[in-house]
Amino acid sequence: MTSTLDTPALFVDDVTVRYDTVLALQNVTLKLAPGRVCGLVGTNGSGKSTLFKTIMGLVRPTSGRVTIGGTTTAVARRRTQVAYVPQSEAVDWNFPIGVRDVVMTGRYGHQGFLRRPRPADHDAVDAALERVGMTALSGRQIGQLSGGQRKRVFVARAIAQGSPLLLLDEPFAGVDTTTEHALTAVIRELAASGHAILVATHDLAGLAQLCDEALLLQRRVLVHGSPEEVLLPENLARAFGAPPPVNGGRTEDLAQETYAQEAGR
Amino acid sequence: MIDTLIEPLQYGFMQRALLVAVAATIVCALLSCWLVLIGWSLMGDAVSHAVLPGVVLAYLLGVPFALGALVFAGIAVALIWLVRGTSRVKEDATIGIVFTTLFALGVVLISKNPSQIDLHHVLFGNLLGLASGDVWQVSILAAVVLAVLVAKRRDLTLFAFDRVQAHTLGLSPAALSALLLSLLAVTIVSALQAVGVILVVAMLIIPGATAYLLTDRMARMLVIAPVLAVIASVIGVYTSYYTDAATGGVVVLAQAVVFTLAYLFAPRQGVVTRLVTRRRAPERETAGEPTESVIPG
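Protein sequence lines correspond, in order, to chains A and B. Each residue of the first sequence is one higher than the one before, counting from 1 in the working numbering. Each residue of the second sequence is one higher than the one before, counting from 266 in the working numbering.
In short, the hints are calculated from the structure, not lab data. Heads up, some of the hints might be wrong.
Distance ranges between label pairs, derived from CB positions [as the list claims (entries may be wrong)]:
1. B:Thr366 / A:Ala237: 56 to 62 Å
2. B:Arg543 / A:Ala90: 28 to 34 Å
3. A:Thr178 / B:Thr538: 30 to 36 Å
A virtual CB, placed ideally from N, CA and C, is assigned to each residue, including glycine.
Work out the full structure, taking the sequences as your base and the hints as a guide.
Rendered as structure tokens:
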């Protein structure tokens with residue numbers, strides 16, 4: 001582990017991403033220290049997933065650069081310095097692979113040429129499955145799991161990887177409340193043991209409980225501060241484009257609903 | 266019964282036919298597991314047809330067939346990627362255009378250059394007429410491909426399952442895909458002369474598809490596919506010997522019979538099995554309890 005207290009776990013330095021004519025991210029700067037959880041908040045299309053993909057080197061920034069633990073993204077990936085749980089895994093759920101095998105793929109970076117699992121790898125996989133409460137289902141084929149269980153498996157894989165930086169893109173989307181609470185607890189534990197975690201979320205009500213800091217994104221950084229600061233009505237209005245309603249107006253949108261609750265305090 | 270099995274083996278051509286059929290079958294069956302899961306089944310079809318002009322040109326230039334075939338396998342894959350990546354034509358159409366064009370080029374070259382290349386042999390192989398040099402070529406190439414596949418099976422499976430995770434771990438999905446396609450090309454080239462285009466295509470698809478119906482663990486697929494495929498190939502070669510029918514054709518039919526049995530009676534995925542299970546216990550229709558234990562990696 002190369003990250004020290006001086007080196008940020010993640011440094012997004014003035015990153016701009018342009019897809020053809022569309023500006024996806026504009027001059028985004030973000031520093032994340034080890035042991036901190038940063039919540040990424042913004043509307044759909046605000047650039048959250050693009051930011052994750054840029055950090056992972058899946059999207060090349062038009063300008064600016066990303067460093068992870070002081071090295072480039074590519075080097076960090078090869079050194080297993082970053083784990084990533086995408087918003088929706090683009091995997092075939094009928095693939096002939098079991099829960100435990102999926103989590104074991106998180107250990108490949110620690111294994112040799114043949115990827116033969118060592119005792120330490122089995123221990124890490126067991127511990128990760130235990131942490132997300134999936135030990136009992138570890139023998140299942142992944143297609144035989146519910147949405148929340150599937151998400152837990154992929155979070156377990158990220159944990160088993162043992163990387164100092166974790167990127168979680170909307171881990172709470174479409175999962176049951178039990179899973180959401182379990183994952184929140186796991187994220188806090190990981191931060192307590194020194195991991196830096198960037199997590200995109202729509203759950204504004206749980207933001208303060210989940211995060212040490214939050215970043216309000218609308219192609220560019222609107223606010224980066226404490227969760228309370230991000231949740232100020234005037235800030236949310238800038239991101240979600242709603243007029244500041246005193247009593248909740250439309251409630252079908254989760255963000256606006258929460259916004260109304262916050263505003264009504 | 267034993268005599269039935271042993272009698273043909275006193276002939277050298279039968280020994281060679283069985284050896285080559287088994288070697289080619291094992292490698293093709295392993296490859297087919299990944300191809301079927303990635304959705305690349307047609308890639309085997311494409312590459313095996315596209316190497317024909319390479320074989321003809323190699324004959325005309327007096328270099329080994331395998332070299333010409335390998336070059337054209339590479340050209341086919343490169344053309345497919347090029348056209349797919351730079352136009353709106355979808356992958357299946359791209360594959361169809363590239364392999365039929367290259368195959369047609371091979372047919373034209375053969376027709377304009379009278380040679381010893383027998384189109385019928387290229388299509389259906391000549392298992393019972395192999396020279397010992399063919400046996401060596403197939404065996405050595407098969408052994409090399411087998412070693413690489415076994416060594417890198419976990420990386421290839423991760424690539425087939427989740428390319429983003431492969432990328433996250435610092436592996437290159439592009440390199441893994443190139444590795445798989447290269448192994449495919451080498452396999453096709455080694456097997457083509459002996460067993461023919463049609464048999465290669467069948468052996469690159471049917472065993473993986475059959476095994477996929479029989480288990481939901483990759484580690485088991487990689488055992489089931491070659492074992493069943495070898496049984497089918499051996500039955501096919503013997504049947505061909507006793508009935509004097511086209512060997513390649515009989516082997517493919519034997520593979521198809523095994524697939525059909527799995528399709529109908531596989532323990533969980535079989536069509537008949539599911540009907541029977543549903544009738545017995547209608548309330549457990551969607552149960553899907555795990556009956557298999559875990560095989561690590």
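Going back to the hint list, which numbers does this structure go against? none
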